[in-house]
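Residue numbers (the working numbering), protein chains in the order written: chain A, 1 to 553; chain B, 1 to 178.
No lab work stands behind these hints, which were simulated from the structure alone.
Where a beta carbon is used, it is the ideal one built from N, C-alpha and C, also for glycine.
Check each hint, because a few of them may be wrong.
[Stated by the list, open to error] Subject to a maximum C-alpha distance of 27 Å in a straight line, what follows is the list of computed DSSO-like cross-link-like pairs (lysine-lysine): (1) B:Lys110 - A:Lys5; (2) A:Lys37 - B:Lys147; (3) A:Lys47 - B:Lys150; (4) A:Lys5 - B:Lys13; (5) B:Lys147 - A:Lys5; (6) A:Lys484 - B:Lys65; (7) B:Lys150 - A:Lys46; (8) A:Lys484 - B:Lys33; (9) B:Lys56 - A:Lys5; (10) B:Lys105 - A:Lys5; (11) B:Lys27 - A:Lys484; (12) A:Lys152 - B:Lys27; (13) A:Lys5 - B:Lys150; (14) A:Lys37 - B:Lys150.
[Said to hold, decoys possible] Just a few of them, taken from the derived set where beta-carbon distance is under 7 Å, the chain A residues facing chain B: (15) Leu6; (16) Ala110; (17) Asp113; (18) Asp123; (19) Pro441; (20) Thr444; (21) Met464; (22) Glu465; (23) Met468; (24) Leu472; (25) Asn476; (26) Ala477; (27) Ser503; (28) Tyr536; (29) Met552.
[Said to hold, decoys possible] Restraint ranges, calculated between C-beta atoms of paired labels, are given here: (30) A:Lys94 - B:Ser86: 44 to 54 Å; (31) A:Lys258 - B:Tyr142: 43 to 53 Å; (32) A:Asn541 - B:Tyr142: 47 to 57 Å; (33) A:Asp399 - B:Ser86: 49 to 59 Å; (34) A:Lys27 - B:Asp106: 38 to 48 Å; (35) B:Glu16 - A:Glu439: 30 to 40 Å.
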Amino acid sequence: MALAKLEQLSKSVVQGPSLATGAVPTKDWMDTPVIFKEGNFAYPAKKEKVEYLDSQEGLSFPNARIWSPDEDDWKLPEDWQETILKGLKERLDKFRSLKIFMDCCVRCGACADKCHFFLGTGDPKNMPVLRAELLRSVYRNDFTLAGKLFGKMAGGREMTVGVLKEWFMYSYQCTECRRCSVFCPYGIDTAEVTMMIRELLHTVGIGINWILEPASNSNRTGNHMGLQPHTFKDNVDFLAEDVENLTGVKINHSFNRKGAEVLFITPSADVFAEPGLYTAMGYLALFEQIGLDYTWSTYASEGGNFGLFTNNELMKKLNAKMYAEAKRLGVKYIIGGECGHMWRVVHQYMDTMNGPADFLEVPRSPITGTVFDNARSTKMIHISEFTADLIRHGKIKLDPSRNKNVRATYHDSCNPARAMGLLDEPRYILDHVVPEWFEMPENTIREQTFCCGSGTGLNTDEIMELRMRAGLPRANAVKHVIDKHDVNMLSCVCAIDRATLSSLMGYWNPGCDVCGVSELVGNALVMDNEKRAMGYDAEGNESELPDGFRTMV
Amino acid sequence: MDLAEAFRNYEDKIVEQWVDYTLSSYKSSTFFKKGPDKFSNPVGGNTREALGRLFKLLTKNADPKEFVEPLDQIMRIRSIQEFSASEAVAPIHAVKHITREILAKDSERKQFIADLYDFEFAVDMAVLAAFDLYMQCREQLYKVRVKEIKTGTVILTDSKCPSNLLNKDKGDPVQIQV
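Isolated chain A (complex conformation) (with noise of 0.2 Å):
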């Protein structure tokens, strides 16, 4: 009886679906179309992006038009079909990882547990291994003779308008975090794929705002909120008061100075949004205590490169933006600032895209002579590389105490940590900066370390919940330091790491600050001739700078 009450419980509940991605299954995958509705799909491209990405010199954005995800007509261009599979059959020939990657997936399902978006959606679709799926059963069906000769029986699916769907819900269910990749035997790089489809669905004219935006801005002004060159410039000199008014010590800092030893380039949110604008003051604090002989630039105003999210043409323009930056400054090298897909497009496609750098000199330290051997190739190294091996060789003075109100733990952003492989930097960093940080669960950290859940352009806020449930394995281990630890500060060395955790902490866990590594840097840095203002602590009590640079005075 209490069974069958149990039953009618079950069924007494609204059924079906409700916000996201489409219905109860049961039928086969193939068989389940996506059903879009407001709040599981990001906005489209504005038209006049496209028009302004396609008028591009190299760009290919074509099929500007007004159109949206949950209406039945995509308005897509009649040869729709062909244009697909041709731009496939050209990247097959042209990446032969991708060839790779559609032919050697033996199914065996590691991937399938380890993607953040299935972990917070239990959504099938969102197990890499099926996301993947989604391209390689088109791929067998045309271009493998098993798919030609037997269809659906071999995995192989024909290429129609409710396939193209799911390949637009699923690759923006994807931050190309390449966690899944760590896990895969074979080592495919579902990332990849994603890449793949989101270039195939571009070259039919579908793509999001919140990508197309920011890259055209980019590609026009220099930085994502196509801010210009003087608005970037007077932040930077408000920044710098800023830190002059809390450690009385002048920054002087530069623009567009040409025979400076050093380029530096950091994401553009890290010098117009908060918590970003603090990690900003810690670079200037840093270079201004060692002497570094630098200059920013307002060409070469944005580190971030949402061409990667986009296609490869993209990528590579945005990124020879700042080499171009670099010879015409006739600089030595770039340090690059706390960005993270910035540092997947230098470490892993710079190189075939826009590189050698080679009017650029290996990078070698001014002040301690380590020469950054790693960056041989790209003439970049990473800010946290960069104040490492200050530490290490004891050439700036750090007192942890000044971070006191701190309890740090440490999220390593997806591409530095797994594309660049920088692991230890910031910890060692966040050793001598910092009292105490806390490390959180061992399967949720370096290589294995769980996405934001908003990364590659998915940080829009149309899409919150999507976004709370991609982050929530990120969140849930960071709720569980809080518990253990009294952890505070969740600290990263990205900047959409530093705008989405943000947003995922004030869901997750309140009360939980987001920051980056060299904000506490620059907290904890004893600076010549400085003379530190006083403010209020949470208690009331007059200290000096209590809470470091976010200290009101």
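Since chain A is already given, all that's left is putting chain B on it; use the hints.
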């Protein structure tokens, strides 16, 4: 032998079935049911932990205020997943029916079904608390969204900031003398 003993005896079994029922509400629930730990399997791990804690409270006449913490652990997750409000909360009810069913199968203990009033009332209280939490979580989600809109890049790109006003012709780069 009394009801308390019956609860102790069947606690693991009841919680196991309760967890199973709750996780069956996910499309692909096999991994959520089997996944090894809370960190590699956050939905399954938290559901298991929360329902285990909640069951202990429901069976010991605890103050309903104590239900909030374990309920939050589970409702915070279900509130942002693809469930309607009723779907999100429904599994909390299920423990009533699971308990009755399990006791009914035990000839020595089925007499205690008549004594389940307090327990079932506690479950009702938990369900009400779960609805409150569901709403709180939704409100919090929207607050996070509003905060992001208010403090995010929208201010710089879509508002009347001076730089944006200069941005009349989006097709042409602005000529700047450097």
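Hint-by-hint comparison with the structure:
A C-alpha spacing of about 17 Å is found between Lys110 of chain B and Lys5 of chain A, which places the hinted pair at or below 27 Å, so the restraint holds. Distance restraint check for Lys37 of chain A and Lys147 of chain B: the Cα-Cα separation of roughly 23 Å lies within the 27 Å cut-off, and the hinted pair is therefore satisfied. Pair hint Lys47 of chain A plus Lys150 of chain B holds up; C-alpha atoms about 25 Å apart against a cutoff of 27 Å. Using a Cα cut-off of 27 Å, the hinted pair Lys5 of chain A and Lys13 of chain B holds, with the two alpha carbons roughly 19 Å apart.
As the CA atoms of Lys147 of chain B and Lys5 of chain A are separated by approximately 43 Å, the hinted pair breaks the 27 Å bound. Proposed proximity of Lys484 of chain A and Lys65 of chain B is supported: the alpha carbons are some 22 Å apart, at most 27 Å. Only pairs whose Cα atoms come within 27 Å are accepted, and Lys150 of chain B paired with Lys46 of chain A is accepted, the gap being roughly 21 Å. Taken as a hint, the Lys484 of chain A and Lys33 of chain B pair is honoured in the structure, with Cα atoms around 25 Å apart against an allowance of 27 Å.
About 23 Å separates the Cα atoms of Lys56 of chain B and Lys5 of chain A, which keeps this hinted pair within 27 Å; it holds. The suggested pairing of Lys105 of chain B with Lys5 of chain A holds, with an alpha-carbon distance near 16 Å, which does not exceed 27 Å. For the proposed pair Lys27 of chain B and Lys484 of chain A, the alpha carbon gap of about 32 Å is over 27 Å, so the pair is violated. Using a Cα cut-off of 27 Å, the hinted pair Lys152 of chain A and Lys27 of chain B holds, with the two alpha carbons roughly 23 Å apart.
At roughly 47 Å between alpha-carbon atoms, Lys5 of chain A and Lys150 of chain B are farther apart than 27 Å, so this suggested pair is violated. With a CA separation close to 24 Å, the supplied pair Lys37 of chain A and Lys150 of chain B stays within the 27 Å bound. Proximity of Leu6 of chain A to chain B holds as hinted, the smallest CB-CB distance being about 4 Å (cut-off 7 Å). The criterion of a C-beta within 7 Å of any C-beta in chain B is not met by Ala110 of chain A, whose closest approach is roughly 12 Å, and the hint is violated.
Against a cut-off of 7 Å between C-beta atoms, the interface hint on Asp113 of chain A holds, since the closest Cβ of chain B lies about 5 Å away. A distance limit of 7 Å between C-beta atoms decides the matter here; for Asp123 of chain A the minimum to chain B is near 6 Å, and the interface restraint holds. For Pro441 of chain A, the interface hint holds, the least distance from its beta-carbon to any beta-carbon of chain B being 5 Å, beneath 7 Å. Checking Thr444 of chain A against chain B by beta carbon gives a least distance of about 5 Å; that is within 7 Å, so the hint holds.
Interface hint status for Met464 of chain A: upheld, as the beta-carbon distance to the closest one in chain B is roughly 5 Å, under 7 Å. Taking 7 Å as the C-beta contact cut-off toward chain B, the hint placing Glu465 of chain A at the interface holds, the least distance being around 5 Å. The beta carbon of Met468 of chain A comes within 4 Å of a beta carbon in chain B, closer than 7 Å, and the hint placing it at the interface holds. Because the closest C-beta pair between Leu472 of chain A and chain B is about 5 Å apart, less than 7 Å, the hint holds.
At its closest, the beta carbon of Asn476 of chain A sits 4 Å from a beta carbon of chain B; the interface hint therefore holds under the 7 Å criterion. Against a cut-off of 7 Å between C-beta atoms, the interface hint on Ala477 of chain A holds, since the closest Cβ of chain B lies about 6 Å away. For Ser503 of chain A, the interface hint holds, the least distance from its beta-carbon to any beta-carbon of chain B being 5 Å, beneath 7 Å. The beta carbon of Tyr536 of chain A is not positioned within 7 Å of any beta carbon in chain B (closest approach about 23 Å), and the interface hint is therefore violated.
Restraint check, Met552 of chain A versus chain B: the minimum CB separation of about 16 Å is more than 7 Å; hint violated. Between Lys94 of chain A and Ser86 of chain B, the C-beta spacing of about 51 Å keeps the proposed range 44 to 54 Å intact. Distance hint for Lys258 of chain A and Tyr142 of chain B: a CB-CB separation of about 50 Å, consistent with the stated range 43 to 53 Å. In this structure, Asn541 of chain A and Tyr142 of chain B break the distance hint of 47 to 57 Å, their C-beta atoms being roughly 36 Å apart.
A hinted range of 49 to 59 Å for the beta carbons of Asp399 of chain A and Ser86 of chain B is consistent with their spacing of about 55 Å. Restraint check, Lys27 of chain A to Asp106 of chain B: a C-beta distance of roughly 40 Å satisfies the suggested window 38 to 48 Å. The supplied range of 30 to 40 Å is met by Glu16 of chain B and Glu439 of chain A, whose beta-carbon atoms lie about 32 Å from each other.
The earlier numbered hints that this structure contradicts are 5, 11, 13, 16, 28, 29 and 32.
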